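Use these hints to put chain Y onto chain L, whose structure you have.
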Amino acid sequence: MTVASQVKQTLAGLKSAQASLEQFALQTQDKSAKKAFTDAANQTQSIINALQSRVNQIEQQEPEYKGF
Amino acid sequence: MEGAVGAFVRSIVIFFVLLVFTKILGKREISQLSFIDFVSAITMGDIAANLSYNLEGEMAKGFSSLMVWVFLPFLLSYLALHFKWMRRFLNGNAVVVIRQGKVMEDNLRKVRYSIDDLMQQLRQRNVFHVADVEFAVLEASGQLTVLKKSDMEQPIRRDLSIPSEIRNEPHVVIEDGHINHEALTKANLDPGWLLAELERIGVMLSNVFLGQVDSQGHLYVDLYDDNLPVPVSTHRQATLALLKQSQASLELFALQTGKVSSKGQFERLAGELEEVVRQVQPFLQGGGGG
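First to last, the protein sequences are chains L and Y.
When the letters of the first sequence are read in order and numbered with this note's numbering, they come out as residues 29 to 96.
When the letters of the second sequence are read in order and numbered with this note's numbering, they come out as residues 1198 to 1487.
Treat the hints as calculated values from the structure; they're not laboratory data.
All figures in this text were calculated on a predicted structure; none of them were measured in a lab.
A couple of the hints might just be wrong.
Quick list of in silico lysine-lysine cross-link-like pairs, DSBU-like style, CA-CA up to 35 Å [unchecked claim]:
hint : chain 1 : residue 1 : chain 2 : residue 2
1    : Y       : K1441     : L       : K43
2    : Y       : K1345     : Y       : K1307
3    : Y       : K1460     : L       : K62
4    : Y       : K1456     : Y       : K1441
5    : L       : K62       : L       : K36
6    : Y       : K1220     : L       : K62
7    : Y       : K1346     : Y       : K1299
8    : Y       : K1383     : L       : K59
9    : Y       : K1441     : L       : K63
10   : L       : K62       : Y       : K1441
11   : Y       : K1220     : Y       : K1281
12   : Y       : K1345     : Y       : K1281
13   : Y       : K1281     : Y       : K1299
14   : L       : K43       : Y       : K1383
Some, not all, of what chain Y presents toward chain L, calculated at C-beta under 8 Å [unchecked claim]:
hint : residue
15   : D1356
16   : S1358
17   : N1365
18   : P1367
19   : H1432
20   : L1440
21   : Q1442
22   : A1451
23   : Q1453
24   : Q1462
25   : L1466
26   : V1473
Each residue gets a CB set at the ideal place from its N, CA and C atoms; glycine is no exception.
The shape of chain Y in the complex, shown without the other chains:
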């Protein structure tokens, strides 16, 4: 019984001692531990476990051993923080394994990486052709970082000259056939607008399971009946078509009219309308309803 009490007290003391030590050693994710960190941690745990229930052993002996395993990793991490050579020695260097689509065989051998290892790592980065890679580095942490050739990169909006839009979070404005007034207010819209939109696409409020509106004012609805095709408002596309049609008509009038003065005016108006179409086209194309 006395032994049990002793083990209880010891364990509590050692628990808090370990807590303090781990705080001293600092914050590092388990996955980022270097091998020596890992070994030290296990050893510390082992010593602590031994101390906590092995009552035969002297506390002092165990503690002095524990101190060494805490102090040395602490010293190493301190040195690594302040000296580059120590950092290099402990963590190793990043190694270039692919340069301009060519595999650096010597470097691969240095880090003991087989072709299979390399290909696997590349595939995990969604790269299947070595030729697509401009530059690949095996980081000190063991992860492969890949820079693809510029013609293999995905284009971004700016590359395609699509105007940027501010995307606020979409709001769920209809839930279970009921209007969520709070969300509607957050979206700067009113129930009248919502009902008008529903009427435009020919859907009853009570049939809507979920209705979501984005910052562009597009309304998406999901109906209770999944077999019904979801009507999509074509208001935006229709407006764009109407503008284009009007523009074409104006050009036609310019051709048809006999009077020189009228001809000039129609041509000018057609030109102005063309400018309008060019301006709003990016915002009217695509997108769901509206």
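In isolation and in its complexed conformation, chain L is listed as follows:
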């Protein structure tokens, strides 16, 4: 497995976890838990964004990875 596809896999996992965190934030009535989940979801989203741009970069620089 190439690095690019590994990064993509991690990206997919993070997206799933981020969605779950948002769901937990909605479900819980506990304010401190809600805040922790919301903060974590936001921060995970920014990590996802950074990772996504990294993937785009890799694909532009090394087109042979595209599609993996």
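Just chain Y now, with coordinates in the frame of chain L:
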């Protein structure tokens, strides 16, 4: 016949007289009565009983006697309320029986407490080793109050740095295979969420005898068939595992990549994700489903 009517009338009068007297003497639980209170109460009852059916006796004589037994306890409790020495005299002092794990033998003797009495009282407070006790007081009421040594106390959440959570009452959202919409609304949830949760753990609504959701959003279900293992949603644990796995992957990328700039970015992202994991870990661990 005349006697019966007399006894009837007397009894009614005395009943209400006693009612008034007990109101005057005030509110005290029976178990907290001092010995003298106890004796007075019995005597009052005896006099009243005598008055109510013993028609030979004079009413006036009985009443004057009754007055004394009401007045004196009232006087004593009044004095006890206003003077410390009276309080001490009537109720006695609290006596220290254990200090720093050492039994105060002299004090025990003063209150006529045997070792067996002491050990029994300690055991009733769930203390089996005298050495665990920092301080024990035999209260005036006769009860033993125990302060355990700090290293023998149970830790509370704050001691373990577990974040506090607001625990509202759990709601029973499924009863007998039917959704309780009222409870679901109170829990700020909707039927769609409930059905999705059931689908996640692979259970049909009609198989659920009881479903309860807590303020954290955990759903607990009890099935009709007690032999079936209750499926537990591992959504929260799975999410935590996914986050940790991603974090490890990012660290791995940082090690694998040749470019210095990429290395720095992956390391930074791994660090940020580690922070996220640290933040949500307490809320994702444990707990039932979710």
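Does L1440/Y pass the interface check with chain L, least Cβ-Cβ distance below 8 Å?
5 Å, holds
Mind checking the alpha carbons of K1220/Y and K62/L for me, to see if they're no more than 35 Å apart?
At roughly 53 Å apart (the allowed maximum being 35 Å), K62/L and K1220/Y break the hint.
For the hint on H1432/Y, does the least C-beta distance to chain L fall short of 8 Å?
7 Å, holds
Is the Cα-Cα distance between K1383/Y and K59/L 35 Å or less?
16 Å, holds
Interface hint outcome for Q1442/Y [beta carbon to chain L under 8 Å]
6 Å, holds
Starting from K1441/Y, check that the Cα of K43/L is at most 35 Å away, please.
Holds, at roughly 13 Å.
When you check the alpha-carbon spacing of K1281/Y and K1299/Y, does it fall within 35 Å?
30 Å, holds
Hint validation: A1451/Y versus chain L, beta carbon distance must be below 8 Å. Holds or violated?
11 Å, violated
Within a Cα-Cα threshold of 35 Å, do K1441/Y and K63/L meet the stated pairing?
20 Å, holds
For the pair supplied as a hint, K1345/Y and K1281/Y, confirm whether the alpha-carbon distance does not exceed 35 Å.
30 Å, holds
Hint P1367/Y vs chain L: min CB-CB distance below 8 Å?
11 Å, violated
May I ask you to test the interface hint for V1473/Y with respect to chain L, counting a Cβ-Cβ separation under 8 Å as satisfied?
Holds, because the Cβ-Cβ distance from V1473/Y to chain L comes to roughly 5 Å (cut-off 8 Å).
Checked against the numbered hints listed earlier, the structure breaks hints 6, 15, 16, 18 and 22; every other hint is satisfied.
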